[in-house]
Structures are given as C-alpha cells and as structure tokens.
Amino acid sequence: MKLRSLFRGRRRDLVCREAVALMAAYLDGVLPDADRLRLEGHLAGCPHCSEYLAQLRATIDALGRVEPDDLPDEAVDELVGLYRQWRQG
Amino acid sequence: MARRPDCSLRAARRRAHRLGSVAVSEDEQLLAGLRAGDEAAFTALVRRHHSSLLRLATSVVGSRAVADEVVQETWLAVVRGVDRFEGRSSFKTWLFHILMNRARSAAGKEWRTQPTGDVDADRFDGAGLWSVPPVPWSDRVDDRLTAEQLVPLARKVIDTLPEAQRQVLVLRDVEGLPAADVAELLGVTDGNQRVLLHRARARVRSELEGRLGAP
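Line order of the protein sequences matches chains A and B. So for the first sequence, my numbering puts the first residue at 1; every next one is plus one. So for the second sequence, my numbering puts the first residue at 1001; every next one is plus one.
Because the hints were derived from the structure by calculation, they are not lab data. Cβ atoms here follow ideal geometry from the backbone N, Cα and C, with glycine treated the same way. Be a bit skeptical, because a hint or two may be false.
One-sided and incomplete, this derived list gives chain A residues near chain B with beta-carbon spacing under 8 Å [said to hold, decoys possible]:
| no. | residue |
| --- | --- |
| 1 | V80 |
| 2 | W86 |
| 3 | G89 |
Please put together the full structure from these sequences, using the hints given.
Next up, the structure:
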C-alpha cells in the first residue's frame, strides 16, 4: 500500500491540455511507453478527452476519403502529347 | 452528394497504401510499364496522381496557372528520370519530392517553419482542464453519421488551412504518405511535421464540430 502510493505520487497525472497535445504522437504509435500509459490512464477517466480522440480519429478517417478532383480529359491529352514529343525527341 | 462507385475501393487502396501494399505495387507495375516506354502506363500514372500534385503545387505557388506548369514539369522530370529511380522510397514519395522542389523554386521561397504550440488553446482553463469540452458528435447527429458525411466538410476545410499545415495534412492524411517521407519532403523534422499535422487536424476537427454542432 505504501509502495503503491509512493509510485502514484511520482507519476503526475496529465491535465487535459497535455493529453490532447500527446495525441498526434499517440496516433502515430511513436509515443514512448511511459507517456502512452499516462495518456491511456487519463483517457480511461476523462470522457472529454476520449471524445476528442474519437473525433480526431473520425476526422482522419474522413480526410483519408477525400478524393482527388476529377481530371479533365484535355489535361490528360495535353500531358500525353508532351510525353509523345519527349519520346520522339 | 453522390459518391463515385469506386470511392470505397479507392479508400481501401489508400488504407492499403498506408500499410505499404496494394496501391504501392500498382504504382510499381505502372512504373515498369513507363520504363518500357508504355504510353498507357504514363496515362494511368497521370490519372492516378495528377490532381494530388496540382492540389499540393497550388498550395505552394498560390496560382493555378503556375501550378499547372509546375505539375507539367514534374511529369516530364518523371519520364526523363524514371531509369534513375532506384525505388528506395515509394514512387509517390519520389513524385512529390520532384514536385515540391519545382514548386518551391517556382514560388521563389524556401520552407518557412511555423510557430508551434498547443491546439484548441482557447478551450482550456488556466489549469489545462477543459473549459469548453468537445461537443459530442453523437449527441448532435444520429447513429447514421459516418465518415462519408464528414468528407465533403473536411474537403472544404483543407483549403482554409495555413500553407505548412495544409501541405503536411494533405501528404499525411489525404495521400497517406508515411511520417518520415513527409518530414523529408518538406524539409522539417519528424517532430515538426507531427506538430503541424496535429494543428491541422485539430483545426479540421474544430470546423467539423462547429458545423455538426450547429443547432
């Protein structure tokens, strides 16, 4: 019991602002283990930060689905024309 | 908004690209075709990547006309240099590398680092606790909320981001390039690209929240 409370005392809990700041590295899987455990501990007890992380994930997912704009055929034709010139030149 | 039928396939490919598989090998096949002088392979590569190049080039040079030229030069550099490409990075990283070099020189400017700092700073109190917590999206929209509904909103927000944030966000989250490649492409440290990415994502999240949270 004594040992445990000592251990707790050495690990200062994250505040929400710090938790949010760690999320990019967390999502990239590059957060050092000690920070990862602190963040996960914070998330377990903080619905707001958990919601924020879930929204970041939804945001990233949406960004990954942004499509390239449609490419007009003329643009492709122009480039293919340049390609042919280069091949012949 | 109607989705194109290949949308989910493209998204799946892009996710696969993040894992370094399907889309990468498609590029490699097309690259082999390009080396062999196959015009159809060139056309296919253009169709796959031209819009992304144009988006990025526009964000660097600020003018669509100049961006068009930069992207055209990039494709010519690709066909000229394809035999020298050794495949140590992915084709896409190489392609963006060529583009960024040309775009920067066309814009006559070097990369400028941006100030860093906390995101959503105005949402926290002095002790670093939420003073304005995130509005739960699930409370505002029903369970049918899916990424698809967020996509057109996210697309619009990208264009409003500051240049450095936009470039990192497009390369990382839209194009799915690895962090190390993006840091190298943009000439920033791995930590800096992550800060820029975090700020950009936070901004997009905040905009989505604003629109989803509207009564």
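Consistency of the hints with the structure:
1. V80: holds (6 Å)
2. W86: holds (6 Å)
3. G89: violated (11 Å)
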